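Participant: Line order of the protein sequences matches chains A and B.
In terms of this note's numbering, the first sequence has 738 at position 148, counting the first letter as 1, and numbering is strictly consecutive.
In terms of this note's numbering, the second sequence has 153 at position 151, counting the first letter as 1, and numbering is strictly consecutive.
Honestly, the hints are just simulated from the structure, not real lab data.
Keep in mind it's a predicted model, so treat the numbers as computed, not measured.
Think of the CB as a built atom: it goes at the ideal place given N, C-alpha and C, for glycine as much as any other residue.
Among the clues, some could well be false.
Stretch-level coverage of chain A by chain B, calculated; a stretch enters the list once three of its residues show a Cβ under 8 Å from a Cβ in chain B [stated by the list, open to error]:
1) 720-727
2) 753-763
3) 779-785
4) 792-802
5) 809-817
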Amino acid sequence: MKVLVCISHVPDTTAKINFTADNKAFDKNGVSFVINPYDEFGLTRAVWMQEKQGATVTVINVGTAETEPTLRKALAIGANDAIRVNAEPKDAFFVAKQIANIVKENGYDLVIAGRESIDYNGSQVPGMLAAMLGWPFVNACVGLEVEGEKAKVIREIDGGKEKSEISVPAVIAGQKGLVEEKDLRIPNMRGIMQARNKPLKVVEPVDAQMRTEAVHFEKPAPKAPVKMIDPGEVETLVDLLHNEAKVI
Amino acid sequence: MSILAFIETWEGKFKKASFESAAYAAHVAKELNTEAIAVVINATDDPAALGAYGISKVYRVGDAGDFNNYVWANTIAAVAKETESTGVIISGTFGGKMIAPAVSIALEASLVTNISEKPSSTNPLTVRRSAFSSKGFVDYAVKSDRFILSLIPNGIGVPAPVDGTAEVTSFSPVMENAPEVKVHEVDRVRGKIPLPEAELVVSAGRGLKDASNWNIIEDLAESIGASTACSKPVSDMGWRPHSEHVGQTGIAINPNLYIAIGISGAIQHLAGVSASKKIVVINTDPEAPFFKAADYGIVGDAFEVVPKLTEAFKKFKAEN
Ligand SMILES: Cc1cc2nc3c(=O)[nH]c(=O)nc-3n(C[C@H](O)[C@H](O)[C@H](O)COP(=O)(O)OP(=O)(O)OC[C@H]3O[C@@H](n4cnc5c(N)ncnc54)[C@H](O)[C@@H]3O)c2cc1C
Ligand SMILES: Nc1ncnc2c1ncn2[C@@H]1O[C@H](COP(=O)(O)O)[C@@H](O)[C@H]1O
Chain A
591 MKVLVCISHV PDTTAKINFT ADNKAFDKNG VSFVINPYDE FGLTRAVWMQ
641 EKQGATVTVI NVGTAETEPT LRKALAIGAN DAIRVNAEPK DAFFVAKQIA
691 NIVKENGYDL VIAGRESIDY NGSQVPGMLA AMLGWPFVNA CVGLEVEGEK
741 AKVIREIDGG KEKSEISVPA VIAGQKGLVE EKDLRIPNMR GIMQARNKPL
791 KVVEPVDAQM RTEAVHFEKP APKAPVKMID PGEVETLVDL LHNEAKVI
Chain B
3 MSILAFIETW EGKFKKASFE SAAYAAHVAK ELNTEAIAVV INATDDPAAL
53 GAYGISKVYR VGDAGDFNNY VWANTIAAVA KETESTGVII SGTFGGKMIA
103 PAVSIALEAS LVTNISEKPS STNPLTVRRS AFSSKGFVDY AVKSDRFILS
153 LIPNGIGVPA PVDGTAEVTS FSPVMENAPE VKVHEVDRVR GKIPLPEAEL
203 VVSAGRGLKD ASNWNIIEDL AESIGASTAC SKPVSDMGWR PHSEHVGQTG
253 IAINPNLYIA IGISGAIQHL AGVSASKKIV VINTDPEAPF FKAADYGIVG
303 DAFEVVPKLT EAFKKFKAEN
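Just chain A, with the same shape it has in the complex:
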């Protein structure tokens, strides 16, 4: 079984977000980047398939050379090899098209991505990819068992869960639940050493029109100072919520 894991390269969860002076781009200065947290769950799930079901795990990123440390980290966690499509990932359609092309060329049995990238919060790439390939798609997947041509999956729905069965190949957009927090792997020394010698192939992008363009970036307005209320006067809070905030 060949599994492809999509890895989005995103600012660390504690990063301060700033934009360039002309408000035309995200300012990467001083920001450290990590594997998108949702993708870490998918990667670990794929590594389990490698260990228990003999799967080979390839990780892919559409990005410029600066994302290679993130791919190396994925290799250190246990992926067999990596592919980087050498392009700035400016638009979800463009990214999905690149990944679809790699999938068609190399033939995978399963693609695991994340529910969303924590930078642009798009929730677009996996669903577009699945539609381009004509494969089943499971979003917000919290349970995955692949047996031969079938997969039993559990996905989150508003206020609950749905269990279903799909055929593979398929595209899974995962999150915590695919594996648990405690199961996530931190690269150890041996993994890091091995990762240096694992193949990381760089391929050039195929032509694809962008369908959206980011034209302006802005930070939210600063918040007004908090109003403190004495713990003995909760009625004041109720009054403020009703009359001032008008939320109850």
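Place chain B with the ligands on chain A using the hints.
Facilitator: Just chain B with the ligands now, kept in the frame of chain A:
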């Protein structure tokens, strides 16, 4: 030409987020001097009622079977093609996120997600979306002839209904070319509003000390009809179900009111809740970072303050 709203249902009833989609479609249609129409799949609610949100015509699709994102997406795309709709509005619910990308591929349309504002320009259509887990906004211009806009549930809110009924016409679901999905079991909380749609949310963290203390949180939530949420460690320890975990790696929510009890306010937690319109923080530690993100704060012990607040809410509800 028209703007098409997708009306999502649950057990035949329109979801609240669907009214937002209808009203948003009506707004965009007006800006573009055209009409807003809707497509509804597997509804028992009366589609004519969508007229109250500015919809002039509804394509009613029945017998689509269990949820299959491709059947839904292909059906929506077929209606859009038949009606020459230039825009499709879909709420960013869990279901909507399964559907919207596939509709965008079927229609070769631009897709913008995570929207909580009305378009700022119509030529080219430009719309602001939330990004960086509420730490920024990005304005996107669409580049294709057609566009799909996906809204954050409870972002814009449902406007007051007006007089009006929509014309209703039947449309057949597009069942072919959809990979099969066998739905085995659907397990959904009853009698509670799903977290992403909730207007009022009461949330608690590690400060509550133990799962058995959640009765005071449940009581507070019940007193105002709020949904309950929690911080990540609370769900990691199994004190509360994962579906209640909010934050950067959980659900992002934007209720009208978020009451955070015994939660320190780590940056990853704030990432999922800072879009809330008003935030109340109750914490024993006056230095808790959450107070900086709050509108109202109480420095105090949850075990003393929360039951008092519950009583005060009950009294308020009885009087109003
Ligand atoms: C990659 C990554 C992703 C993450 N994603 C998320 C996420 O999505 N959501 C999330 O929540 N966290 C997330 N976290 C974890 C986050 O960093 C914090 O550790 C977490 O939010 C802390 O939870 P807490 O506030 O419940 O607990 P604590 O930080 O332990 O805070 C408990 C608070 O309760 C107060 N307290 C104690 N006793 C009382 C009392 N009797 N009455 C009132 N107050 C009391 C304390 O003063 C304290 O402020 C993430 C972390 C990482 C590294
Ligand atoms: N540039 C990229 N390269 C590889 N995978 C990506 C890229 N962008 C997004 N993905 C995958 O798609 C998922 C959802 O991303 P998004 O649609 O950007 O929210 C991520 O969790 C990744 O698995």
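Participant: Next, verify each hint and record whether it holds.
Facilitator: Hints versus structure:
no., hint, verdict
1, 720-727, "holds (count 7)"
2, 753-763, "holds (count 6)"
3, 779-785, "violated (count 0)"
4, 792-802, "holds (count 4)"
5, 809-817, "holds (count 6)"
In terms of the numbered hints stated before, the structure departs from hint 3 and from no other.
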